[in-house]
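**Q** One letter stands for each residue in the lines below.
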Amino acid sequence: MLNLTVTELSAELAHGAISSVELTRACLERINRLNPALNAFITISEESALAQAAAADRARAEGDERPLLGIPLAHKDIFCTRDTHTTCGSRILQDFLPPYDATVVEKLRQAGTVMLGKTNMDEFAMGSSNETSYFGAVGNPYDQGRVPGGSSGGSAAAVAAGLSPMATGTDTGGSIRQPASFCGITGFKPSYGRVSRWGMIAFASSLDQAGTLTRSAADAALMMQAMAGLDPRDSTSVDRPVEDYACELGIPVKGLRVGVPRPHFAAGLNPAVERGIRAALAELEQAGASLIDIDLPNNHLSVPAYYVVAPAEASANLSRYDGVRYGYRCENPADLEDLYTRTRSEGFGDEVKRRILVGTYALSAGYYDAYYRKAQRVRRLIRQDFIDAFRQVDVIAGPTSPHVAFPHGAKADPVEMYLEDIFTIAVNLAGLPGISVPAGFENGLPFGLQIVGPDFGEARVLNVAHQFQQLTDWHRRLPETAAQAETGES
Amino acid sequence: MEWEAVIGLEVHVQLSTRSKLFSGTSTAFGAEPNTQANIYDLAMPGTLPVLNGEALRMAVRFGLAIDAEIGRHSIFDRKNYFYPDLPKGYQTSQLDYPIVGRGSIVINLEDGTEKRIGVTRAHMEEDAGKSLHEEFADASGIDLNRAGTPLLEIVSDPDLRSAKEAVAYLKKLHSIVRYLDISDGDMSQGSMRCDANVSIRRPGAELGTRTEIKNVNSFRFVEKAINFEIRRQQDVLEDGGNIVQETRLYDSVRDETRPMRGKEVANDYRYFPEPDLLPVEIGEDLIERIRSELPELPDARKRRFAAEYDLSAYDAGVLTASREMADYFEQVAQGCGDAKLAANWVSVELQALLNRENLDIADSPVSAGALADLILRIRDKTISGKIAKTVFEQLAAGSRDVDGIIERQGLRQVTDEGEIEKLVDRVIDENAAQAQQFRDGKQQVLGYLVGQAMKLSRGKANPARVNELLRDKLRS
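So the protein sequences, as listed, match chains A and B.
Its first residue numbered 1, the first sequence is counted upward by one per residue in our numbering.
Its first residue numbered 491, the second sequence is counted upward by one per residue in our numbering.
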């Protein structure tokens with residue numbers, strides 16, 4: 001049962017075929033068995049999970065029929081959870097116990113979900129391989145010698161391996177979509193402002209957005225229904241009605257105009273991935289969609305612009321970790337300078353330090369215009385490219401990542417790692433919704449198709465992704481770890 | 491040759507909102523350390539700012555009061571620096587798009603003239619917490635109660651030419667924020683803080699190099715600090731030296747300014763737009779609503795007082811310097827129907843009492859109603875002006891009822907002709923020598939005789955009538 005989708009589990013729970021306690025216990029058992037090798041979880045909340053499951057079963061007995069009632073989930077360890085450790089993958093927050101819940105956590109709990117624990121991630125979400133985590137690398141369920149992608153690598157691995165039927169993630173430059181692609185699952189990033197950022201630890205405030213990691217687009221729709229909406233505690237969350245996502249899933253793709261960005265099929269794209277993505281697009285075409293080549297003329301500037309804007313914001317966002325009020329503090333500081341220097345030198349990993357330095361530099365007197373201001377101008381151009389494109393197409397589709405999951409340690413050069421997000425970053429810079437859905441395998445490793453929609457086109461993106469999943473069964477494939485686990489369990 | 495001082499002020503005014511600029515925490519003064527700091531004020535991970543609408547409206551009120559352009563699209567920025575009492579490691583402030591643009595303030599100088607001082611801009615920002623270095627051995631304490639309190643930083647053009655002008659500007663600013671009810675303006679509590687940029691030059695020459703004096707916390711110290719700095723710069727330049735552009739601290743104990751250590755000033759704040767807050771869009775309707783709610787401001791009220799109550803410009807200025815004083819005066823004037831007398835009593839007797847007791851007019855022991863009653867009794871000749879001062883002292887001591895005091899203590903003025911005549915006769919009898927001197931032409935003696943009569947009546951006789959009767963009797 002652990003390889004079922006949320007939609008299926010919801011039905012099982014509703015029919016009384018299983019209870020939430022049984023389901024939760026099964027998840028916890030599989031976590032205990034597989035997590036030592038996968039390292040997908042940083043914190044496992046066994047006791048509270050079983051209590052929440054029991055409460056969900058009681059509510060169901062009293063007639064509660066909410067779709068997510070009793071469904072287990074895992075939260076990326078970037079979301080603050082009251083009285084449950086929230087590390088953000090960093091030594092500096094190793095022992096941090098938030099006295100509050102993130103809005104996302106609160107809303108999903110109110111929807112009746114059961115929190116299994118907190119998932120591993122790149123430190124402060126800075127990374128594309130989950131290798132920058134202070135809590136160690138995460139194995140890809142398809143090949144534990146390979147990375148799950150990042151930064152939401154723990155969430156992606158947990159869902160792919162059946163440790164949890166769904167998980168939250170955050171996406172600043174591709175951190176949901178790229179790990180979803182590497183782990184063969186569905187990863188959805190909504191428009192900027194659609195989901196509250198309150199209680200979600202900031203990396204780059206103007207780009208960060210919470211989203212979902214699930215086994216299907218229909219599951220993402222269920223989760224999004226619970227997560228989306230205006231939050232008065234987040235001034236950047238938007239005041240517009242939340243669509244009924246599940247309701248729009250069934251619209252056929254006949255007549256849909258799909259933009260295919262030429263720059264995404266240029267050199268650097270793995271040929272097998274390219275073939276797979278072309279085949280996926282052909283599936284949509286056969287179902288009645290039309291494919292239209294588009295240009296995103298400034299797409300090549302998205303990585304450099306991102307690596308100015310995101311580190312600049314991060315350099316300020318991470319200033320609060322100073323050893324004064326909470327979090328890691330160095331031993332016996334000699335004076336204030338020493339307290340700051342050693343706390344931050346010892347508390348942050350190399351990639352975080354690198355980005356703080358880059359961001360600080362980009363904002364410095366004399367460099368601001370050349371870097372930060374210029375990057376913001378480029379960002380507006382990139383957004384304009386999408387606005388122009390959406391005048392002639394309904395969605396844009398292409399590869400999520402140029403290749404499949406790579407082995408641990410394969411990308412030692414930071415810039416090579418930064419180029420991982422070449423197809424996803426522009427979507428964050430433009431603030432648009434995007435999803436990665438499984439679209440094929442190369443050498444037994446999955447890769448994803450990215451579908452991007454216009455501003456607040458969540459329903460349309462989920463709809464097209466769901467329709468694609470009606471036409472294909474890539475999303476039903478399981479890694480051997482999960483398939484074998486299922487045999488062992490049943 | 492003469493030197494001319496060129497001074498600009500940067501004034502931080504603490505806005506009197508109930509809660510902080512970006513969090514719902516109370517701003518009440520004097521709570522136990524760190525009891526008024528919520529998870530946002532503590533900069534806990536994942537917390538976000540939400541702009542306090544009241545602070546925004548207060549800033550707009552100020553902008554409209556000084557005829558300034560209002561920033562229709564104003565933007566918050568992060569000003570980055572590390573300090574233990576700055577929890578986020580950046581201060582949320584405004585750089586390029588402040589809420590209040592160019593405006594001006596008219597100041598009143600001691601010689602009775604006025605001068606218009608340009609206001610460059612005013613922007614909203616959050617205050618830092620407090621570092622407490624003395625209270626702890628081998629450690630510093632941090633109190634974050636003040637962290638996040640809304641400030642309006644008001645920057646003047648370099649239009650001020652003397653320490654006295656600077657003080658006049660500061661006093662007018664103080665008066666305006668009090669009239670607008672956007673701050674208590676209390677410099678001793680830090681609700682109004684002033685940094686002064688000072689340079690000197692030969693009249694008509696290019697601007698000289700300026701220094702910035704920080705942390706001056708009273709009107710008097712502003713004057714002293716600027717005067718010290720002007721003299722210091724003169725000495726340096728006249729000795730052939732150069733002024734170093736630097737930040738200096740004023741030490742009120744030694745009455746001098748001295749440079750801050752380089753480490754404290756060499757900052758690159760790396761400002762950039764605050765991504766957690768959207769630009770603040772201010773529409774015409776909000777501006778017009780706030781404009782319609784503006785109270786009468788000190789300059790307008792001064793003009794009205796001069797015209798309506800026929801007061802001198804000076805009296806009108808004194809009485810309108812604070813909103814409370816002006817309100818008090820108007821109540822007295824309307825209650826007694828004699829603005830001249832009311833102006834006199836408020837600006838002389840009442841002011842002396844407040845100065846003596848070191849009280850604000852809001853805490854005056856003599857209510858406006860009581861003072862109006864008292865003046866009414868002078869006007870209807872129930873008591874003399876002199877006796878009125880005795881009654882006033884009783885009001886100051888806590889009594890309330892003017893007529894009660896007069897009756898209980900028999901202070902009613904004697905106007906009965908027969909009684910006064912008896913008094914006068916008795917004075918002439920008892921002071922025969924002085925009476926004769928007057929008859930011999932020594933006019934000055936009359937005052938003495940009147941005084942004796944008043945003394946006999948214990949001040950209650952109508953002094954004018956005593957005077958007349960004495961003259962009549964001594965001439966006859």
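Treat the hints with care, since some could be wrong.
Quick list of simulated restraints, FRET-style, between CB atoms [claimed, not checked]: (1) B:Leu849 to A:Leu97: 49 to 55 Å; (2) A:Arg373 to B:Ile777: 26 to 32 Å; (3) A:Glu47 to B:Ala521: 34 to 40 Å.
Hints were generated in silico from the structure; no laboratory data involved.
Think of the CB as a built atom: it goes at the ideal place given N, C-alpha and C, for glycine as much as any other residue.
**Q** Please go over all the hints and tell whether each is borne out by the structure.
**A** Structure-based check of all given hints:
| no. | hint | result |
| --- | --- | --- |
| 1 | B:Leu849 to A:Leu97: 49 to 55 Å | holds, 51 Å |
| 2 | A:Arg373 to B:Ile777: 26 to 32 Å | holds, 30 Å |
| 3 | A:Glu47 to B:Ala521: 34 to 40 Å | holds, 38 Å |
When each numbered hint is compared with the structure, no violation occurs for any of them.
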